[in-house]
Amino acid sequence: MSATANSELLTITLADGAKRLRAGEITSRELTRAFLDRIAATDDRVRAFVTVTEESALAEAEQADSLLSSGDATAPLTGLPIGLKDVLMTKGVRTTAGSRMLDTLVPPYDATVVSRLQEAGAISLGKLNMDEFAMGSSTEHSAWFPTANPWDLQRVPGGSSGGSAAAVAAQQCIATLGSDTGGSIRQPASFCGVVGLKPTYGRVSRHGLIAFASSLDQIGPFTRTVEDAAMLLQAIAGPDPLDSTCYDAPVPDFDAELDRGLDGLRVAAPREFFSDGMHDDVATTIEAALDLLSANGAIIDRSPSMPSVPMALPVYYILAPSECSANLARFDGVKYGYGARQGESMWADMEATRKHGFGREVKRRILLGAYALSAGYYDAYYLQAQKVRTLIRREFDRVFAEHDVIVAPTAPTVAFKQGAITDPYQMYLNDIFTIPANIAGLPAISIPGGFGADGMPVGLQFVGQRLDESTLLGIANAYEQLADWSTIPPSNVGST
Amino acid sequence: MSEADTTQFTSEQVRHLASLVRIELTESEVEEFRSELASILSHIDALSEIDTEGVPPTNNGADLLNVQDSDAAQPAMPREAVLANAPQREDDYFRVHAVLDQS
Numbered sequence: 007m008s009a010t011a012n013s014e015l016l017t018i019t020l021a022d023g024a025k026r027l028r029a030g031e032i033t034s035r036e037l038t039r040a041f042l043d044r045i046a047a048t049d050d051r052v053r054a055f056v057t058v059t060e061e062s063a064l065a066e067a068e069q070a071d072s073l074l075s076s077g078d079a080t081a082p083l084t085g086l087p088i089g090l091k092d093v094l095m096t097k098g099v100r101t102t103a104g105s106r107m108l109d110t111l112v113p114p115y116d117a118t119v120v121s122r123l124q125e126a127g128a129i130s131l132g133k134l135n136m137d138e139f140a141m142g143s144s145t146e147h148s149a150w151f152p153t154a155n156p157w158d159l160q161r162v163p164g165g166s167s168g169g170s171a172a173a174v175a176a177q178q179c180i181a182t183l184g185s186d187t188g189g190s191i192r193q194p195a196s197f198c199g200v201v202g203l204k205p206t207y208g209r210v211s212r213h214g215l216i217a218f219a220s221s222l223d224q225i226g227p228f229t230r231t232v233e234d235a236a237m238l239l240q241a242i243a244g245p246d247p248l249d250s251t252c253y254d255a256p257v258p259d260f261d262a263e264l265d266r267g268l269d270g271l272r273v274a275a276p277r278e279f280f281s282d283g284m285h286d287d288v289a290t291t292i293e294a295a296l297d298l299l300s301a302n303g304a305i306i307d308r309s310p311s312m313p314s315v316p317m318a319l320p321v322y323y324i325l326a327p328s329e330c331s332a333n334l335a336r337f338d339g340v341k342y343g344y345g346a347r348q349g350e351s352m353w354a355d356m357e358a359t360r361k362h363g364f365g366r367e368v369k370r371r372i373l374l375g376a377y378a379l380s381a382g383y384y385d386a387y388y389l390q391a392q393k394v395r396t397l398i399r400r401e402f403d404r405v406f407a408e409h410d411v412i413v414a415p416t417a418p419t420v421a422f423k424q425g426a427i428t429d430p431y432q433m434y435l436n437d438i439f440t441i442p443a444n445i446a447g448l449p450a451i452s453i454p455g456g457f458g459a460d461g462m463p464v465g466l467q468f469v470g471q472r473l474d475e476s477t478l479l480g481i482a483n484a485y486e487q488l489a490d491w492s493t494i495p496p497s498n499v500g501s502t
Numbered sequence: 414m415s416e417a418d419t420t421q422f423t424s425e426q427v428r429h430l431a432s433l434v435r436i437e438l439t440e441s442e443v444e445e446f447r448s449e450l451a452s453i454l455s456h457i458d459a460l461s462e463i464d465t466e467g468v469p470p471t472n473n474g475a476d477l478l479n480v481q482d483s484d485a486a487q488p489a490m491p492r493e494a495v496l497a498n499a500p501q502r503e504d505d506y507f508r509v510h511a512v513l514d515q516s
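Protein chains in written order, with the working numbering: chain A, 7 to 502; chain B, 414 to 516.
So here's chain A without its partners, still in its complex pose (with noise of 0.2 Å):
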């Protein structure tokens, strides 16, 4: 096929793209081959996928035609391809969390959003790099390699889910999934310009999700469009008997929701999500979107303050910790992944095992997790984190009594250069607005809102009531409308 039509291919959404496959305008095949094709000619650059499954892809188009062609395609996203970050399990495809520990891991089970992906008829292009464990906010902590970000090479993509969002920033996959547990999804969205959204904890089964910290932990999409979110939240929400901390509740028809417009919306504006620490082009941006959604029919209260969203951090790194400190105890070495054996004992063979196949960062959380678990600090460390969580619920609880949702930027920066945050604390501090959603299990989304002055991406963030994902991707849709910055592609992965 012609170069510019395959180039036209790569621009595509999920909802047109699902549209054109049933008109019989495109095959599947041909969709699936661009974006292979285009993966092939950007990922030495990129560097956004850890495992390419091209050959099953090609299978299941070639399946997803034969459907299409005779009229039985009735799964929405049938023929559409979409890639997975490395967290979630796939049955026969080496699945590794970022992680030497994993290096060798191959599934025998489907995660289930994997298995409603493939119900739903979307077709995997492969595995997503990401930091280890879902360590980290740049994707500099893989132990494979690091990713770049599309709009400038030389700059982090964001993390963890850094592959998820540099791939449909690239181009190289219609949609993705990843996870966040305090950001994971939403800063790297904000940083690579495509959305990402953050479910309610609870609406999306984590079943098969290799667990962080998993009160926090949930999976989402990473999308061009809003639209598109909605699409791909409807395939994997909903309750599983597989994981007991999903909400038995009805799943909304998100799409039905995305048009309720602004008018009337009362939309909050924390002055706690508008402090010290946020850098001038992302100020800028935000307070023009605001703008922007005020003059179309949105109420904009600047009034809330939430004075324990601050302790959200601290928060965070008490509590993600010493859950990732009792979570990845289970890799001992001996059933699955990567173990030692040179040692004279069980106990030498274990220490070994997990001083080889954990990465810095990974090492230095479960430190800290089972300092702030152990006797003796258990109190003043984690159980006061389990508190002042219980306070930063409630603020939220008073915020959403009296407004629909909560305006905020996503990341106090646009992306940073690859390298430059070496200092830990500095590295956590990329959370600060994304982590308070995670505390208190609320649904979040991260739009593109702009660009700063050096032409990077800013992203904009809404936070809703929980299970209440349709007035987030409402107002989303209702700016993405008005300011769609997401026709804009980067420009420094070189054209197809």
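These are calculated hints, taken from the structure and not from any lab test.
Model, not experiment: these values are computed from the prediction.
Among the hints, erroneous ones may be present.
Restraint-style ranges between C-beta atoms, simulated for each label pair [as the list claims (entries may be wrong)]:
#, chain 1, residue 1, chain 2, residue 2, range
1, A, Gly-461, B, Thr-423, 45 to 55 Å
2, A, Ser-62, B, Pro-491, 17 to 27 Å
3, B, Pro-491, A, Ala-262, 38 to 48 Å
4, A, Arg-347, B, Glu-445, 19 to 29 Å
5, A, Ala-262, B, Thr-423, 55 to 65 Å
From the three backbone atoms N, C-alpha and C, an ideal C-beta is built for every residue, glycine too.
Chain A is already provided as a structure; the job is to place chain B on it using the hints.
Chain B only, in chain A's frame:
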């Protein structure tokens, strides 16, 4: 309740933590982690200033309690599929060092 004094975070504490979580550290790693953990904890210590008198802890992201599954038998994963990922196996077992005294 012990007050956590992070300015005094010691190498000995790092070694103790590393032994608890079964991670072998080099001497230079002990020193690096000591300094990094002390720095991180100094930022986290602001938490202790928050008044949480009478506030219950939140330990669950979703407010769900006692979710129960039907007590129905499900097919287990095939043994071969599970053992295929073992770093070392012997017949149908994971192979490890002996953990009990064999005398």
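Results of checking the hints against the structure:
Our hint of 45 to 55 Å for Gly-461/A and Thr-423/B holds, since their Cβ atoms are close to 47 Å apart. At roughly 21 Å, the beta-carbon separation of Ser-62/A and Pro-491/B lies within the given 17 to 27 Å, and the hint holds. A beta carbon spacing of about 42 Å between Pro-491/B and Ala-262/A agrees with the range 38 to 48 Å that was offered as a hint. Separated by about 28 Å at the C-beta atoms, Arg-347/A and Glu-445/B satisfy the suggested range of 19 to 29 Å.
The hint said 55 to 65 Å for the Cβ distance between Ala-262/A and Thr-423/B, and at roughly 59 Å that hint holds.
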